[in-house]
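Use the sequences and the hints to build the structure in full.
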Amino acid sequence: MNSISYKNRILSGILIGASLVGMAGCGKVDNTKASGSVSIACSQQEDFCQAMTQAFSKSTGIKTTYVRLGSGEVLARLATNPGEFDVWAGGQAENHLLADDKGEIEHYVPKGTDDLSKDYKDTKGSWTGFYTDSIAFCSSTTELQKRGVKAPTSWSDLLNSKLKGAIAMPHPATAGVGYMAMFTQSVLNNGNHDKAIDYFKQLNGNVMQYSKSAATGTEQAGRGEASVAIALDSDCQKAIKAGYKDLKTTYPKEGTGYEVGALSVLKKARNLKSAKAFADWMMTTDAQNRYAAVPSFAAPTNPKAKVGADVPDQSKVKKVSWNVRKAADERDTFIKAFESEVASSNSAK
Numbered sequence: 009m010n011s012i013s014y015k016n017r018i019l020s021g022i023l024i025g026a027s028l029v030g031m032a033g034c035g036k037v038d039n040t041k042a043s044g045s046v047s048i049a050c051s052q053q054e055d056f057c058q059a060m061t062q063a064f065s066k067s068t069g070i071k072t073t074y075v076r077l078g079s080g081e082v083l084a085r086l087a088t089n090p091g092e093f094d095v096w097a098g099g100q101a102e103n104h105l106l107a108d109d110k111g112e113i114e115h116y117v118p119k120g121t122d123d124l125s126k127d128y129k130d131t132k133g134s135w136t137g138f139y140t141d142s143i144a145f146c147s148s149t150t151e152l153q154k155r156g157v158k159a160p161t162s163w164s165d166l167l168n169s170k171l172k173g174a175i176a177m178p179h180p181a182t183a184g185v186g187y188m189a190m191f192t193q194s195v196l197n198n199g200n201h202d203k204a205i206d207y208f209k210q211l212n213g214n215v216m217q218y219s220k221s222a223a224t225g226t227e228q229a230g231r232g233e234a235s236v237a238i239a240l241d242s243d244c245q246k247a248i249k250a251g252y253k254d255l256k257t258t259y260p261k262e263g264t265g266y267e268v269g270a271l272s273v274l275k276k277a278r279n280l281k282s283a284k285a286f287a288d289w290m291m292t293t294d295a296q297n298r299y300a301a302v303p304s305f306a307a308p309t310n311p312k313a314k315v316g317a318d319v320p321d322q323s324k325v326k327k328v329s330w331n332v333r334k335a336a337d338e339r340d341t342f343i344k345a346f347e348s349e350v351a352s353s354n355s356a357k
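Straight run, no breaks: the sequence shown in this note's numbering ends on number 357.
Note that these hints are calculated values from the structure, not bench results.
It cannot be assumed that every hint is accurate.
As the list claims (entries may be wrong) - No more than 30 Å apart at the CA atoms, straight line, and that leaves these computed lysine-lysine pairs for DSBU-like:
id: 1; residue 1: K256; residue 2: K209
id: 2; residue 1: K324; residue 2: K158
id: 3; residue 1: K154; residue 2: K110
id: 4; residue 1: K253; residue 2: K170
id: 5; residue 1: K172; residue 2: K110
Quick caveat, the model's predicted, so the values are computed rather than measured.
Laid out in structure tokens, this is it:
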């Protein structure tokens with residue numbers, strides 16, 4: 009993922025006209041055009057947000073705008089400015105549950121989602137998953153060679169003293185991947201919070217930066233500024249395809265956390281009908297077939313959709329057992345502990 013400016017970036021879709029006819033769930037969307045508008049908080053890759061909102065607008069005639077924001081930023085905006093957005097698309101499912109806990113989600117089950125794996129949807133409609141990817145180690149092979157270190161294949165490998173000041177990690181408070189890494193440690197330690205926090209205390213001396221965005225680390229590794237980035241495998245693959253050929257993706261042998269990227273219709277949506285239409289469209293085979301062309305390096309959740317040739321094979325990744333509800337419930341506790349016991353003891357930000 010390219011580095012993102014945290015200024016609001018809004019892209020207007022094209023208003024095409026006429027009336028919306030029901031959508032065909034996981035099939036193709038009816039081409040009859042509609043009027044209306046929808047505002048989206050998008051927590052996916054910038055080019056993905058742009059391409060998919062343009063395609064939706066062209067397909068349905070609904071004027072579409074988006075702002076690209078990290079999950080933590082969306083949660084903050086929902087609390088301070090309800091009604092600003094109609095839909096939240098992207099970000100880990102557990103963050104959508106947190107918004108639902110605060111009464112910020114309009115429960116809606118998109119059409120045609122019966123075929124989705126139970127791990128990719130909430131039956132009451134607080135969130136529905138539309139892509140998935142996993143935490144990986146994204147390494148600069150050149151920088152590792154300079155340090156005499158092999159590409160990490162274990163969480164313990166990141167604690168190697170030869171990697172002092174050489175690891176990039178996204179901050180758990182602003183980037184979902186940072187928190188995913190924390191919850192993964194909790195799962196690997198049988199839910200023991202103290203052991204999970206202790207791991208990051210040990211890791212802290214090796215961290216060069218806690219960044220706002222997960223994609224920042226992959227670029228730093230690609231430029232040789234960091235030796236290893238804790239990142240999503242989809243972001244690392246995107247950086248490789250963008251020209252950072254020196255990068256290598258590896259996974260921890262103990263198991264890794266994974267993301268179910270979710271979408272939700274928001275409670276105070278000013279354009280509720282259009283918001284539901286967007287949710288329906290995003291789950292169709294037609295929409296998810298577009299991922300490969302965007303390109304998106306995350307895997308679509310629709311089992312009938314095409315998977316891009318460059319998408320990391322999620323079936324080969326050893327994943328920890330991921331309890332979305334528990335991950336949501338423990339987020340605040342872990343982030344507070346991280347900020348007070350880990351990040352505050354280092355100049356890394």
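Hint-by-hint comparison with the structure:
Simply put, K256 and K209 have alpha-carbon atoms about 26 Å apart, close enough for the 30 Å limit, and the pair holds. Restraint check for K324 and K158: satisfied, since their Cα atoms lie roughly 21 Å apart, inside the 30 Å limit. Between K154 and K110, the direct Cα distance comes to roughly 49 Å. Violation of the 30 Å bound is thereby established for this hinted pair. Between K253 and K170 the alpha-carbon distance is near 23 Å, which keeps this suggested pair within the 30 Å criterion.
Restraint check for K172 and K110: not satisfied, since their Cα atoms lie roughly 40 Å apart, outside the 30 Å limit.
Hints 3, 5, counting from the list given before, are not met by this structure.
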